[in-house]
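Enquirer: Protein chains in written order, with our numbering: chain A, 107 to 750; chain B, 1174 to 1498.
Worth flagging that the hints you see were computed from the coordinates, not collected in a lab. Worth double-checking, as some hints may not be accurate.
Unchecked claim - Covered stretches of chain A (chain B as the covering partner; in silico rule of three or more C-beta atoms under 8 Å from a C-beta of chain B):
#, segment
1, 527 to 533
2, 537 to 549
3, 709 to 721
Unchecked claim - Here are the computed distance ranges between Cβ atoms for each label pair:
#, chain 1, residue 1, chain 2, residue 2, range
4, B, A1442, A, I537, 42 to 48 Å
5, B, V1482, A, F600, 39 to 45 Å
6, A, Y115, B, G1497, 50 to 56 Å
7, A, F719, B, T1343, 38 to 44 Å
8, A, H721, B, G1497, 41 to 47 Å
9, B, A1340, A, H721, 44 to 50 Å
Note that the structure is predicted; figures quoted are calculated from it, not measured. Just so it is clear, CB atoms sit at the ideal spot from N, CA and C, and this is done for glycine as well.
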Amino acid sequence: MNLANMTDYHHFPIYSVMVLFLGAFIIAACGSKPSKDPKNPAGFRAWIALCATALSLFFLGSLVKPVMLEGEIISYWMGSRAIAGGYAIGIAMEVDALSLFFALLIATAVFVSAIYSIRYMVHDECVPQYYVLYCMLAGGVLGLVLSGDIFNMFIMVEILTFAAVALTSFRTKVYGALEAAFKYLVVGCMGSTAILTGVIMLYAQYHTLNLAQLANLIPGTMNNATKLAFAFLYIGFSTKAFIVPFHPLAADAHGAAPASISVLISGVLTKSGIYGIIRLTYFLFQTMNLGSMQFMLVFIGSISMFVCVTMALAQHDFKRLLAYHSISQIGYVLAAVGLSTSLGISAGLYHAMNHTLFKGLLFLAAGAVLHETGTTDLGKLGGLSKKMPHTTVLFLIGAFSISGVPPFNGFASKWMIYQATYQKAVESNNIGFLLVTVIALVTSTLTLASFVKVSQSVFFGQMPKEYENVKEVPFGMRLAMGILACLCIVTGLFPKTVTGVLTEPAARAVANVGEYITAMGFKSNLPAPNVTFAQVGVWEPINWLLILCIALLALTIVAVAGKYDRVSERTEDDTVDTKYQLFYGGEKNVYSQVGGGDLFWGFKHNWRHYFDFMHNLHSGIVNDYALWAVVALALAIVYMMIVL
Amino acid sequence: MTANIFLNGLQYLGYILIFPGFLFCFLCGMLLVGIDRKLVARMQKRVGPPILQPFYDFFKLCGKETIVPAAAERTTFLVAPIVGLAALVVIQLFIPIHGFTAFSGMADIIVILYLLLIPALAAILGAAASGSPYAGIGLSREMVTIIACELPLVLVLLAVAKTVGNALGTGLCFSMSEIAEYQLQNGSLITKLSMIPAAIAFAMVIPGETGSHPFDTAEAETEICEGMHAEYSGAPLAVFKLSHAVKVLTLTSLFVALFFGGIGTGIIAFDGVIVFALCVVATALFISFVHAVTARLKIEQVFKYYWTVVSGLALVSLVLAWYGM
Chain A
107 MNLANMTDYH
117 HFPIYSVMVL
127 FLGAFIIAAC
137 GSKPSKDPKN
147 PAGFRAWIAL
157 CATALSLFFL
167 GSLVKPVMLE
177 GEIISYWMGS
187 RAIAGGYAIG
197 IAMEVDALSL
207 FFALLIATAV
217 FVSAIYSIRY
227 MVHDECVPQY
237 YVLYCMLAGG
247 VLGLVLSGDI
257 FNMFIMVEIL
267 TFAAVALTSF
277 RTKVYGALEA
287 AFKYLVVGCM
297 GSTAILTGVI
307 MLYAQYHTLN
317 LAQLANLIPG
327 TMNNATKLAF
337 AFLYIGFSTK
347 AFIVPFHPLA
357 ADAHGAAPAS
367 ISVLISGVLT
377 KSGIYGIIRL
387 TYFLFQTMNL
397 GSMQFMLVFI
407 GSISMFVCVT
417 MALAQHDFKR
427 LLAYHSISQI
437 GYVLAAVGLS
447 TSLGISAGLY
457 HAMNHTLFKG
467 LLFLAAGAVL
477 HETGTTDLGK
487 LGGLSKKMPH
497 TTVLFLIGAF
507 SISGVPPFNG
517 FASKWMIYQA
527 TYQKAVESNN
537 IGFLLVTVIA
547 LVTSTLTLAS
557 FVKVSQSVFF
567 GQMPKEYENV
577 KEVPFGMRLA
587 MGILACLCIV
597 TGLFPKTVTG
607 VLTEPAARAV
617 ANVGEYITAM
627 GFKSNLPAPN
637 VTFAQVGVWE
647 PINWLLILCI
657 ALLALTIVAV
667 AGKYDRVSER
677 TEDDTVDTKY
687 QLFYGGEKNV
697 YSQVGGGDLF
707 WGFKHNWRHY
717 FDFMHNLHSG
727 IVNDYALWAV
737 VALALAIVYM
747 MIVL
Chain B
1174 MTANIFLNGL
1184 QYLGYILIFP
1194 GFLFCFLCGM
1204 LLVGIDRKLV
1214 ARMQKRVGPP
1224 ILQPFYDFFK
1234 LCGKETIVPA
1244 AAERTTFLVA
1254 PIVGLAALVV
1264 IQLFIPIHGF
1274 TAFSGMADII
1284 VILYLLLIPA
1294 LAAILGAAAS
1304 GSPYAGIGLS
1314 REMVTIIACE
1324 LPLVLVLLAV
1334 AKTVGNALGT
1344 GLCFSMSEIA
1354 EYQLQNGSLI
1364 TKLSMIPAAI
1374 AFAMVIPGET
1384 GSHPFDTAEA
1394 ETEICEGMHA
1404 EYSGAPLAVF
1414 KLSHAVKVLT
1424 LTSLFVALFF
1434 GGIGTGIIAF
1444 DGVIVFALCV
1454 VATALFISFV
1464 HAVTARLKIE
1474 QVFKYYWTVV
1484 SGLALVSLVL
1494 AWYGM
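The shape of chain B in the complex, shown without the other chains:
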């Protein structure tokens, strides 16, 4: 009995620390960012950095001096990056990989949507605590981007909940693992007509949520010096960079889990690789390609775009799902 509990505890600890927790997030997130940078460079006819460059950057930053500005609120400034990263990794634990979820039955899709706010909020509070005017503008833009992305995301998730609920006969389904289970039985959701606009809308949300071109107004290194990260240096900045990488992984794997579930073998090691491969494809298409061909928008244009074009697509999907198509 005791041994059993001990082994279970060890297993869960393994989930949190190794797979699909910290180590997996660290390696895959960084790799995704590395691939992204390389792809963008190739699309722009540059050589680009090596794929492992994000790792080098991370470890180099960790060795640098950390400066807390005299005007900053020290504790919040230093703690915010850590909390944000931890919250992101925990979200990753709730996203199913093929049929496997590390912790199922604890949070559903709407909760995940709100858990995604915590890392953003941590970054915002850290930026606010730095006292920098650049960070002030950056956090304002970040918040507006969050509001902009929220409406389409909500509509997409409600549409998914309705579609799966219709198919299961319950009318509604919020549970992430039930959505995964449904896709195992009936094939990916993307094959449903009503889900195609939702998938496109979600794909458009990914660059907004991860703060990539053309929606990177909140960072805008050329105008407001990386905005929220303006005063960060050394290890805290490294943690923020890592958080960004994990966020790319979280959003792409959420996309894969919602619309391309049910593709896999049933052997967890292979499934992990397949999901990662799908994430790479998603990153290449929705982050790298979009990055390479667009220029940065203004913040009010970002907002308008999300609340009209993307929300419109998601709404089409929701209405189609509502009428059972």
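Next comes chain A alone, as it looks inside the complex:
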């Protein structure tokens, strides 16, 4: 093979997966002796991981032009084995705009989190092994979304599940880490087994594992066995996305895992589940034109959205709170994707991307707080903004984004979701979809409430004495957060560019299953659909920002001219002056901050029966959660049998 051949972009998908696995093997081969540098216990092995993730991102980034903009679908047969006797024999990768979209998200999150890990993991033991697992996890997820073969998808699911379980319990000394990993292992394995069962049932019938060929064969020949396989596969990928009823696992896993791994679990693993569900419903079984399937996805999405945001309101641990928000946002994605309209899919994917960015940022900020203070308990923290100003600003950007405050990216995508659901309601004349719009709008406000709680109890409010010596986190960690924060702002300010370059090609790919099948060399008579992305709403973030800046500038000039900034500053010999102390209404100066969990008493009081019910339901016992998984599988089977 000559060089020109090797640098052909058709090889890039396999390269991007390969560098990550190669990275893992090289790091493992380099032994586990910690380096002498206290700032980087993994030594050069951390740089290997960073290079691997950077290369992977580079390979995928260079595919944007051919796949996203020119609409090419890359089909790649390993070892040049292609179709023989009408059946796909070899292992294939197939990269359409949908795969590439998810792959780009994953590669970005993995790269940023690798930057963060270097300075974040300094206090841990066995850090070289951490990077081995890290690269395995990244490679597994990337392989999953780029694969053109359902059995390979299963293998990648196995790799990523086991790497994720091991990384969840990486800090074995953290309370609950092993328990969380065990729960994840049990339910995750049930999910993996469900996927394997589904794959077996499909292979037995169609004698092929190739996604494109299955997509070509299944829709015309639906029988009870395919429906059963569908139910198994759906539940399997649901466990990977942690959507209801698998959400408690996410909370435990995120609470215990290092923050850099939480980024991967929430930004990357859940996306792989969503990707799997889209591939199943839109491509393999092509059932999304049925109202019943739309109902199922939108219903589960809305339930996830609302249940998890209320669960988050009841949390008093920073990372567990973020974990529930993660599933709540995945609910948005699922509900939008389930609408089965082009605008809905585009909006859902946009939100999936934004979720990776802002949730990654928030988890990294939580990690920064944990790194410096040693706790994520909202009741114990407070007033850190004076000690960690940069982290505070970065956290606020993430919080505004997830809460859908204009002009950040969360607003741009949620805004499209509101329109998509309402348009769907009008088009299908079904008032149920209108309810989804309302739930989405209210959930957004509840999300804001929850992040007001975090900012008040962690970054603002009163500072407990033990955090007097807290310092800002090292530059490497701030850099990682800064990259994500910039991406949050940019993707929020240029929604048209983002949708034009990334999500609309992906949504077109979802609508155009025929092309996916023919690109792999099979004959399909599915017509190319007519795709439009018309929106009713208008939102021009750049113009709005421009006007706001002019208004701010005018106001600042007036304020400065009017001596607004002439503040009475406290001087050194002035400490006895009571006017600079907080007002306590004559009470003793005590630490009297309202605890994190109780901040929204007015809201929770009215919903107390609901919260009591949810509290009892989430018992934290793995047997219960396994039972939920079985019940969900049974329900899915019954539902598929009835409606398909």
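Given chain A, work out where chain B should sit, using these hints.
Expert: This is chain B only, laid out in the frame that chain A set:
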């Protein structure tokens, strides 16, 4: 060409700074608050302050010493009021006055709903940055009030979008200027049967959003010392007071634009006066009168009230609009 761009720029600058931007917001908002205070006083058989009292208060506060508590995060504490005010004034630019909108085609009703969060959020962050426990309780209550008002507001706006969309034949209409245009052609939306409950619901949201009696639990000067403003003094406090005045103007003029559009002459100066007069009426009815006859609710009662009574009204409207009535 260059002169044209220059003139356009000057025109837009005029919109932002004078009408319907800062100067208009400042004068009209303060006047509304002054009228409100006078009316409440008269209803309670007091003499009340002069109508220009809010102006006097504002300038007096600007001259006072500004104290930043030692426990506060200085930058956020000082910047928050300014950002909140600027964001509010920008919203005012998107609300049509009769047929005229300073900046149309930039934000629609749902976006305006979310832009309204920014001033509230600025106030909350400023309060959080002060480090005061009173502010902590105040911001918690403010946030719950926002959640409480959000559901009815969303339902009202969706109902309006559906009603206008039905009439225009598109099924949906989010654009503020199209809603104004529709009302110019077909008369105010309030004349539609389905919009009456929505208008009542919106009217009930106004005191909640502006933090006026009986929904002023977040300020509650008698219990938690003005809550979020507990540690503010001098010019920043003056800016907060101004923001409150502008918010009264924004919400009442949004109410007028949504339900009483299409009343006017087509001459911008007169229309401004007419809209302001309607705002005064709305303030008198929904803020002053309600203020005078009610006592403060507890926060959980505020929440319950909005999510049951007011949301119920809005929902009736939405269902009626859905079935084309």
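Enquirer: For each hint given before, does the structure comply? Return the numbers of the non-compliant ones in rising order.
Expert: Those not satisfied: there are none.
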